[in-house]
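Chemist: First to last, the sequence lines map onto chains A and B.
The first sequence: position 125 = 125 (the numbering used here), numbered continuously.
The second sequence: position 260 = 260 (the numbering used here), numbered continuously.
Don't take each hint at face value.
[Stated by the list, open to error] Part of the chain B face toward chain A, derived, beta carbon under 8 Å:
| # | residue |
| --- | --- |
| 1 | Met45 |
| 2 | Tyr46 |
| 3 | Ala92 |
| 4 | Ser93 |
| 5 | Thr94 |
| 6 | Thr100 |
| 7 | Asn101 |
| 8 | Asn132 |
Think of the hints as simulated: they come from the structure by calculation, not from any bench.
Virtual Cβ for every residue (Gly too), placed ideally from N, Cα, C.
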Amino acid sequence: MRILRRWRHPASWSIFRLDDRLLLILIAVIVGTCSGLAAVVLNRSLIAMFEWLHHFRHYWWSFIIPAIGAALSALFLDKIVKEGAGHGVPEVIYSVSRYGGLMRFRSSFSRLISSCLTIGSGGSAGPEAPVVMSGAAIGSNIAKFFSLNDRQRVTIVGCGAAGAISSIFNAPIAGMVFSMEVILGEWKAENIVSIAIASVAGTEISRILQGNQIAFSHRLFHVGHLDIVACIGLAIIAAAASILLTRLLRSMHGVSKKAPFPIWVRAAAGGCAVGIIGIFLPIVLGEGYHPLRTMIEGAYAQGIGIVTVAIFAKILATSFTLGWGGSGGIFAPCLVIGSLAGLTYHRGLILLWPSVSWVNEGCFALLGMAGLISGMLQAPLTGIFLIVEITGSYEVILPLIIVSIISTTLCHYIEPASFYLKELVEKGQLLRQGTDGSVLSDLSVQELLEKDCITVKQNMLLRNFIDIIKQSHRNYFPVEDEKTGHFLGIIHLDDIRPYLFNPLMYDAVVLGQIMDTNVEVVYLDDDLSEVLRKMDANRVFSMPVIADKKFIGMISKATLLDKYRKELMVQTDL
Amino acid sequence: MHTQLFHIFRNTPLGRETLLQSIYFCKKAVSSLIIYIPEFTKFLMYFENDVVQIDLDNSYLTSPETALKHAKELFDQGKIKASFLEPKNFTASTLPDISTNFDFMCCPRSISDLSSKIGLGYIGPRVRRIVNSARFPVLITSPVFKKWRSIAVFFGGSANAVNALKLGFRISKASKIPLNVFTHAENTSKESYEEMIKNENLTEEMDRYVTEWHMFESGKFEENLYDVPHDALVVLGAYGHSLIRSILFGGKMEKIQSIITNNLLIAGPNYALTR
C-alpha cells in the first residue's frame, strides 16, 4: 500500500529527485514532444480542413464560410470549454508573470480546436499562438503532475512554448529564442538547457511526422550595399504596418466588446467581413502560407497597386477575425503583411530607380516579414532567427538584423509595450519573475503580520503603561477603544519620553491624551507595493494592520525584507 | 486571531440559505465575511500547485441589480459586518482571479452544476477540486439554514483526521460550542487511538474541549452515523488516502456526505494549520 500511495506523488520518487536539473531535462523532452505533437496535429487539421472547404470556395455564398467557422470557434470557447477568445499568448505571459506558470488543463487543447475552426474556415489568423498556448499549458500541467516548484514550472512552460514554435516552423532556434525573449522575458543558463532540449524534441517530432522541409524554400539572394541601405526604408514601412495592425486590432476589440450581441454573433460578423474581403482578395483568407511561398520565390504576379491594397486588406481582415471573437494568432498574418510590405517597397524602388540593380523582390519579402514580426512582438531576435530558419537564407542576415532592429526600435518608441504585453502593462499585471513587483505580488499582508504587539486601552494611566513597556520589546503600542475594541491610534515610545522622567505625570496622563490618532493604517487586502509607498511617504518602519476597525498586528519593513529575500530566492533559484 | 471566510453570493432563495449559514459560521467562529458577487459565470482560483476554473451555475448571476441589496439585508439582520470582494486581477477580460488567501470558504454542494442536482451524496467536481487544492477548510452547507449547537469531529487516525481534529478544537475554542469526537474503530483498539492522540500531543486539548468521544466498535459505519446530532457542525478530513485505496474502497468523506444532512467543514490534504 505504501508503494501505491507514493504513486500519487511521482515528484517524490527518488529516481526523479536525484538531480533537479536532470529531472527538468527529462520533463523538457516529454513536454517538447507533446507540444510538438500538438503543433503537428493542428497543422494537419488545418490542411485537411482547408482542402475540404476548398471545393465550396467558388460558390457565391462562400463568404459565410469564415463566419460559420468563427461563430463555431467562439461558441466552442464560450460554451464548451468556457474560455475567452483571442490568441492566448498574453494569458501564458500573465500566468508566468503572476502565478508561476500555472495554467488550466483545458487550455492544452481548447485553442487548437477553436483556431482550427477559425483559420480552417478562412479566418485571417495564424496557428502559432494557439500552439504556443497549448504547448505552454501542456508544460504547466506536466510540471504540476511532477509537483515542480514555481521557478521550475515557469521553465517547463517555456519548454512547451519553445517545442510548439519549433515544431510548427521546423525551426528549433526560433522556438528557443521566442520562448526566452517573449514568454519568459529572461535569459538564464538554467532555462536555456531545458528549453533547447524541448525545441529539439519538438522539431524532431515535426520532422518525423511531416518530413524535414524548410517552411519556405528560397533562392539564393545576392544582397548588395545599396540593398542594405534601402532596408532602412523598409524597416520604417514595417514599423508603420506593425503599429497600424496593433492599433486596429485593439480598436476592433473595443468596438466588438461594446456591440450588444453574443460573442458568437460578433465572431460571425467579423468572419463575414473577412469572407467579403476574401472574394476580392483571396490572399487575406486563412494563414496565407501559399501566397507567402510565391512572394519569397519572387513570383507574385500582382501589380504594386493590388499589393498595396492587399496590405491594408490583410490588416483589416486580421483585425476583423481576431478583434471580433475569432481564435488564432498574429504570427502568420504578420508574415503575410510583412512580405506584402516588402514587395510593395521593392516595386516602389524599381519605379523610382529603374536603372539600379536591386536584389530579387523575394529578399525584400523576407525582410518585410522579419520587420513585421520584430515590430509587433518587439522581439528582434525572434524575427531574425525565425526568418533565417524558415527560409534557410543566411546570406540575408545583415539586412535582416538592420530591418529587425530599426522596426523594433521605432515600434517601441511609438508603442512602448509589444502587442502581447500592451494590455498586461496597462493593467500593471506584467511582473517578470525575480523583479520587485513580482516578489511583492507574491507576498501578502497576512503573511507579514507581526502579532506580538501589546494593545492598550485609551483610559490607561501612564503609570500602568510603564509596567507594560517593561514586558514588551516593541516600540509601538496600539490603542484600542475599551468598549468596542476598535483601533484608535498608536503610541510610540518617543511619545511618552517627555513624561517618563516626571513621576508627577504618571497618574495625571492617560494614554488617550498622548496617542497619535493621525496614523496611516494598512488593510489585509492592500498591495505591498502600496504599503511600502505609504511607509516611505510617512518615513515609518512599521504600520498597524486593521481589519473590521480592529487592530490585528503590525507590518514592518524588517519582516518584509526578510520575506522578500526568501521569495526572491524562490523565484530566481531553480 | 483574525480569520476570514470567503462566500460567493447567489441571489436566489438557495443562495440566501447558504449566506445565512456563512453568517452564522462567522459569528460562531469569530471570523469576518468576504462576499463576492460574481459579474461573470467563471473565475479562477490559483492555489499552490493548481489552478481551478470555477464555472458558476447561471443562477449566480440572477438579478444582479438586487444582489447587493439582498446580501446587505442578510448580514444586517445577522448583525455582522461583511466586506465585498472586487477582483483586482484578470487572466482574461471576463475571467477574474479570486484570491485564495482566506481561512475558510463556503460552498454549497455544487457551484457549477444546476442547483436542482444538489442533494445528498452529490458534491460537484469543482467543489471537490477546491477541497483537494485549498489550504483552507471548506464549509459545505446543507440546503436549509440550521443553527449548529455542537461540533462533531470524525477521527479515524489518519494525518488528515488529526488536522480535522485540530480544526475542531479551533472552532470549539472560538465558538465555545461543545465538541464530540466520533471514531469508527476498524480493527483498532481504543487504546491505539488514544496513543495516536498522545503522539500528536493533543491529550491536553482532548481533555479541554471534547465533551464525549464516541467510539463505535461494532455495527456498520453508515448505521452508526445516526448517532451524530442533527444540529452538529461535522468536521472531517478528506482525500487523505491513496488514489488506489479511494477508488477501491471509497473514502469516509463520501459515505458521510451521502448519509448525513449536517453542515460539513472539510479539511483537504493541503489544509495548512498554520493559517
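Chemist: All hints are to be evaluated individually against the structure, with a verdict given for each.
Modeler: Going down the list of hints, with the structure as the test:
Because the smallest distance between the Cβ of Met45 of chain B and any Cβ of chain A comes to about 10 Å, over 8 Å, the interface hint for this residue is violated. A least Cβ separation of about 5 Å between Tyr46 of chain B and chain A falls short of the 8 Å threshold, and the interface hint therefore holds. Checking Ala92 of chain B against chain A: minimum C-beta separation of about 3 Å stays under 8 Å; hint holds. Evaluation of the Ser93 of chain B hint against chain A yields a held restraint, the C-beta minimum of about 6 Å falling below 8 Å.
For Thr94 of chain B, the interface hint holds, the least distance from its beta-carbon to any beta-carbon of chain A being 6 Å, beneath 8 Å. With 8 Å as the threshold, the beta carbon of Thr100 of chain B stays out of range of chain A, its nearest partner Cβ sitting at about 10 Å, so the hint is violated. With 8 Å as the threshold, the beta carbon of Asn101 of chain B comes within range of chain A, its nearest partner Cβ sitting at about 5 Å, so the hint holds. Hint status for Asn132 of chain B: violated, given a least beta-carbon distance of 11 Å to chain A, over 8 Å.
The structure shown violates the earlier hints numbered 1, 6 and 8.
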